[in-house]
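**Q** If you read the protein sequences in the order shown, they are chains U and V.
Position 36 of the first sequence, counted from 1, bears residue number 36 in the numbering used here, the numbering being contiguous throughout.
Position 11 of the second sequence, counted from 1, bears residue number 11 in the numbering used here, the numbering being contiguous throughout.
Just to be clear, a hint being listed does not mean it is correct.
[What the hints assert, rightly or not] Below are the DSSO-like pairs computed for lysine-lysine, each with C-alpha atoms no more than 27 Å apart in a straight line:
#1 K280(V) - K71(U)
#2 K71(U) - K233(V)
#3 K67(U) - K44(V)
#4 K67(U) - K374(U)
#5 K34(U) - K310(U)
Simulated from the structure, these hints should not be mistaken for laboratory data.
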Amino acid sequence: MTKPMTSVFAIALAAALATGATAAPTVLDVVAWKGNEAEPAGLPELIEAFEAAHPDIDIDLTFVARKDVDKVIPPRLQGGNPPDVTMVDSALVDLWGGAGFLTDLGTDSPWYDRMIPAVREVMTRDGQILVYPLEVIGMGNFVNMDLLAQAGIDKAPVTIDELKSACQALSDKGIAPMIFAGGFPAMLFVGANGIDPNGISPAEYGSGARQFVDDANFNAALDGVRDLVAAECFDPELQAGLDPWATAPQEFRAGNVAILPQGAWNIGNFAAVDGLNFQFAPMPSRYVEQGLALDLVGPGWAIPRDAAHKDAARKWVDFFAEEANLDVFLRAEGAYSPYAGGVSTMPDLAAPYTAARDANSLILWPFSTLEFPKILQSEWEDSITGFLLNIDAPNEDTLERWDFAIEDSM
Amino acid sequence: MRARYSLYLFTLPALLVIGLFFVHPILLTFDMSFTNFAGIGEAKEVGWRNYDRIISRDRYLREVWLTLWYTVIVVSALTVTGLFFAAMLHRLPLIRNFSRAALYTPAMMSFVVVGYVWQFLYSPLNGGINVALRDLGLGAWEQNWLGDPSIALYSVAFTQVWMFTGFTCAIFLAGFAGIPEEIGEAGRLEGASSWQRFRYLELPLLGPSVTVSVMLTTIGTLKTFELPFILTKGGPDGATRLLSIDIIDNLFGQYKFGFASALSIVMLVIVLTVAFLQNKVLRDRENAS
Numbered sequence: 001m002t003k004p005m006t007s008v009f010a011i012a013l014a015a016a017l018a019t020g021a022t023a024a025p026t027v028l029d030v031v032a033w034k035g036n037e038a039e040p041a042g043l044p045e046l047i048e049a050f051e052a053a054h055p056d057i058d059i060d061l062t063f064v065a066r067k068d069v070d071k072v073i074p075p076r077l078q079g080g081n082p083p084d085v086t087m088v089d090s091a092l093v094d095l096w097g098g099a100g101f102l103t104d105l106g107t108d109s110p111w112y113d114r115m116i117p118a119v120r121e122v123m124t125r126d127g128q129i130l131v132y133p134l135e136v137i138g139m140g141n142f143v144n145m146d147l148l149a150q151a152g153i154d155k156a157p158v159t160i161d162e163l164k165s166a167c168q169a170l171s172d173k174g175i176a177p178m179i180f181a182g183g184f185p186a187m188l189f190v191g192a193n194g195i196d197p198n199g200i201s202p203a204e205y206g207s208g209a210r211q212f213v214d215d216a217n218f219n220a221a222l223d224g225v226r227d228l229v230a231a232e233c234f235d236p237e238l239q240a241g242l243d244p245w246a247t248a249p250q251e252f253r254a255g256n257v258a259i260l261p262q263g264a265w266n267i268g269n270f271a272a273v274d275g276l277n278f279q280f281a282p283m284p285s286r287y288v289e290q291g292l293a294l295d296l297v298g299p300g301w302a303i304p305r306d307a308a309h310k311d312a313a314r315k316w317v318d319f320f321a322e323e324a325n326l327d328v329f330l331r332a333e334g335a336y337s338p339y340a341g342g343v344s345t346m347p348d349l350a351a352p353y354t355a356a357r358d359a360n361s362l363i364l365w366p367f368s369t370l371e372f373p374k375i376l377q378s379e380w381e382d383s384i385t386g387f388l389l390n391i392d393a394p395n396e397d398t399l400e401r402w403d404f405a406i407e408d409s410m
Numbered sequence: 001m002r003a004r005y006s007l008y009l010f011t012l013p014a015l016l017v018i019g020l021f022f023v024h025p026i027l028l029t030f031d032m033s034f035t036n037f038a039g040i041g042e043a044k045e046v047g048w049r050n051y052d053r054i055i056s057r058d059r060y061l062r063e064v065w066l067t068l069w070y071t072v073i074v075v076s077a078l079t080v081t082g083l084f085f086a087a088m089l090h091r092l093p094l095i096r097n098f099s100r101a102a103l104y105t106p107a108m109m110s111f112v113v114v115g116y117v118w119q120f121l122y123s124p125l126n127g128g129i130n131v132a133l134r135d136l137g138l139g140a141w142e143q144n145w146l147g148d149p150s151i152a153l154y155s156v157a158f159t160q161v162w163m164f165t166g167f168t169c170a171i172f173l174a175g176f177a178g179i180p181e182e183i184g185e186a187g188r189l190e191g192a193s194s195w196q197r198f199r200y201l202e203l204p205l206l207g208p209s210v211t212v213s214v215m216l217t218t219i220g221t222l223k224t225f226e227l228p229f230i231l232t233k234g235g236p237d238g239a240t241r242l243l244s245i246d247i248i249d250n251l252f253g254q255y256k257f258g259f260a261s262a263l264s265i266v267m268l269v270i271v272l273t274v275a276f277l278q279n280k281v282l283r284d285r286e287n288a289s
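Let the hints inform the model, and build the full structure from the sequences given.
**A** Have a look at this one:
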């Protein structure tokens, strides 16, 4: 009687130990400013797919808004308790990577050589790549095609002359042609007309090697703004202080204005408005005939130096590096692939913008690549607003402020 | 003697909390203000460079001046409007409770909600205020409320006054409640008008309420951040860039924790100085009356 009981007990014990030895799944702590209800970015679907492909890894995604990431993650990085994977942008890579808190993903990674060369170049620092960039997101003009049709125009303007003609025609019909708030929309136009895609590198200005005040390109960019005012595109004093993030998009959504310079992240929002017939077009620029695509290098994944589950974290990054998975993210984001020759997942309404990119008529937005320092961005916002409020003031009043900001950054 | 020592012992927990959560962070901030700390990594000592930059640049001195001027506008307006509504409601007991609650409601709303609502109201394109003026035939009064540098600060101040008038009204109503009825009765019997009773009887007795209201609104307004940030982000072109906005911009916009700490210490000195002077003046005034 005792021997069978002992055998049963021994077998049960062995089974229990075996179950214990088959380790519980690794819980991968991922922090991102996407993946919540407002901005899912395809992450719920991708997490499900990842977990199906890696049954030994469970993803614990924590949404932390971008503005809160600065407060939440640094203490964890410094305390040796970081997330396994964190979403970062170029500013955070510079800050956290510069302090040695991010892991080098390796320039020998299979996806590294497939990246758009310009993106690869700006993301590689001292021979290290500390982030896997997930997307390149466009900035250009949202154009209400129905309002343009009322003015007899059937094509989104992509040259300066087309833009001025469109403004005149719209104004004659009593339609507000364009939003040109100083804070962001105006910056896009000034940037597109001050940075020659085949000329001086923005890094020369950002490093102080070249000054803005004597620069022909940026003087011409400000003159270009005056030309738009003369073409009745907008009232500079009325729009100088207009909020570009809430009020301006709302005006476009309501069909009150024909053209809004903004980022492609608004595509989903605008597409949800019933009856809003719009296109996303490149920014008219004096350097190119098909408009200039302003590409912002978007966020990516980074693995903190002290991550507890580095191997699993690497699998997460490599999962997103597969085009089929990345496309889910890009489609949800309305963004372009960071890979050279990557398949476009953009909707048809972005055809003009995609065409400009395909024709290599694009620049990487220098604030996203840190070729222009962060301090210059707030100075651009303020000084361009000031320029709009006093459009006849000499260009140097504005451009000098940019040079002072560059000096301050050094 | 023994009882007195026991009394001091009872204050120790409170002093400990103040020391740990108030004094210690201030000392840390002061220490950080002499570095170029970026929020992560090592902090390098830079001596007085941060303070030197604050004093030598017009921009920061202008922000200090703007912050003080904004505080003067808001505190003065809040005191006058709060006193006005309290004086009216003191004489209208039937609607007093309801009106007090109605006036206080904006103060209970989130700054973010208030900021976004007023941003749309102030919009120069199709904002509520300009549309209403147009519809009333007062189109000539339309303004670029937040986009005109000469009036943007006053537009933001108006929103803050709208939000907190109920707060100061509640303080003054409590003050009115503390005034003996016999004094008003005596004034009426002597033939004093309503204005005379208010000016010569009630106002002097509202001294403590004025002190409390002015002090609280001054300290709160000096460090105000949310409304100017949401409404204008310090624009147009710095017309509403208060010191608090620059502190946040340096902290989380440019990761200059050391410099932001220096700005914070400057703000702390200003707040303490103003609070001390104000308290002295108001208390002396109370004692004199």
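**Q** State for each hint whether it applies.
**A** Consistency of the hints with the structure:
no.	hint	result
1	K280(V) - K71(U)	violated (39 Å)
2	K71(U) - K233(V)	holds (20 Å)
3	K67(U) - K44(V)	holds (25 Å)
4	K67(U) - K374(U)	holds (15 Å)
5	K34(U) - K310(U)	holds (21 Å)
Hint compliance for this structure: hint 1 is the single one not met.
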